[in-house]
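**Student:** Using our numbering, the letters of the sequence shown map in sequence onto residues 128 to 250.
Possibly wrong hints are sitting among the right ones.
[As the list claims (entries may be wrong)] Straight-line distance between alpha carbons at most 25 Å, and here's what the computed DMTMM-like set of lysine to aspartate or glutamate pairs gives:
hint, residue 1, residue 2
1, K235, E202
2, K235, D201
3, K235, D204
4, K235, E148
5, K235, E247
6, K235, E197
7, K235, E151
8, K235, E190
Hints listed in this document are in silico derivations from the structure and should not be mistaken for laboratory results.
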Amino acid sequence: MKACPELNSPRSVLIIDNSAESREVFRTVLSTRGIELLEASNARQGLEMLRQHHPRVVVLDLEAQQADDEMLRDEYDHESASQQASLVILGTARRYDAALPKDRVVPKPYHYGPVIRTIERLL
128 MKACPELNSP RSVLIIDNSA ESREVFRTVL STRGIELLEA SNARQGLEML
178 RQHHPRVVVL DLEAQQADDE MLRDEYDHES ASQQASLVIL GTARRYDAAL
228 PKDRVVPKPY HYGPVIRTIE RLL
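Assemble the whole structure, with the sequences as input and the hints as a guide.
**Tutor:** If you want it as structure tokens, here you go:
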């Protein structure tokens, strides 16, 4: 779990992904754009960080450990809505297909460019 200072800034992003390589790509690209970054390797840890740091955008990889837990996903829905955080889903989940705009549910495999552009637009 990594945290950057001043995470209540409007340009903060929480990445929840069990792949260290994916988190590194997001970290490298987003930090060069002046975006503050939080990272979690599993969904439970990410939910705790969401509650504590209030990022503007949350990127949740559905393959992250515990992300398939229905109750945990309900908590993500509730927390992101109550904090007005934008949720971006990596992977396919029917529950999000109708609930989120098309560009915020990104099926795998994905290219980083469109995901980064979506994050920047939501900030």
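**Student:** Does K235 pair with E247 here, judged by a C-alpha cut-off of 25 Å?
**Tutor:** Distance of about 20 Å is within 25 Å: holds.
**Student:** Do the alpha carbons of K235 and D204 lie within 25 Å of each other, as the hint requires?
**Tutor:** Since the Cα atoms of K235 and D204 sit roughly 21 Å apart, the hinted pair holds (cutoff 25 Å).
**Student:** Taken at face value, is the distance from the CA of E151 to the CA of K235 at most 25 Å?
**Tutor:** Roughly 18 Å separates the two Cα atoms, so the pair holds.
**Student:** Quickly compare the C-alpha distance for K235 and E202 to 25 Å and report which way the hint goes.
**Tutor:** 23 Å, holds
**Student:** Given the proposed pairing of K235 with D201, does the C-alpha separation stay at or below 25 Å?
**Tutor:** OK: K235 and D201 at ~22 Å, within 25 Å.
**Student:** Taken at face value, is the distance from the CA of E197 to the CA of K235 at most 25 Å?
**Tutor:** 20 Å, holds
**Student:** Holds or violated: K235 with E190, Cα cutoff 25 Å?
**Tutor:** The given pair, whose Cα atoms are some 10 Å apart, holds under the 25 Å limit.
**Student:** Check the hint pairing K235 with E148 against an upper bound of 25 Å on the C-alpha distance.
**Tutor:** 15 Å, holds
The structure agrees with every numbered hint stated previously.
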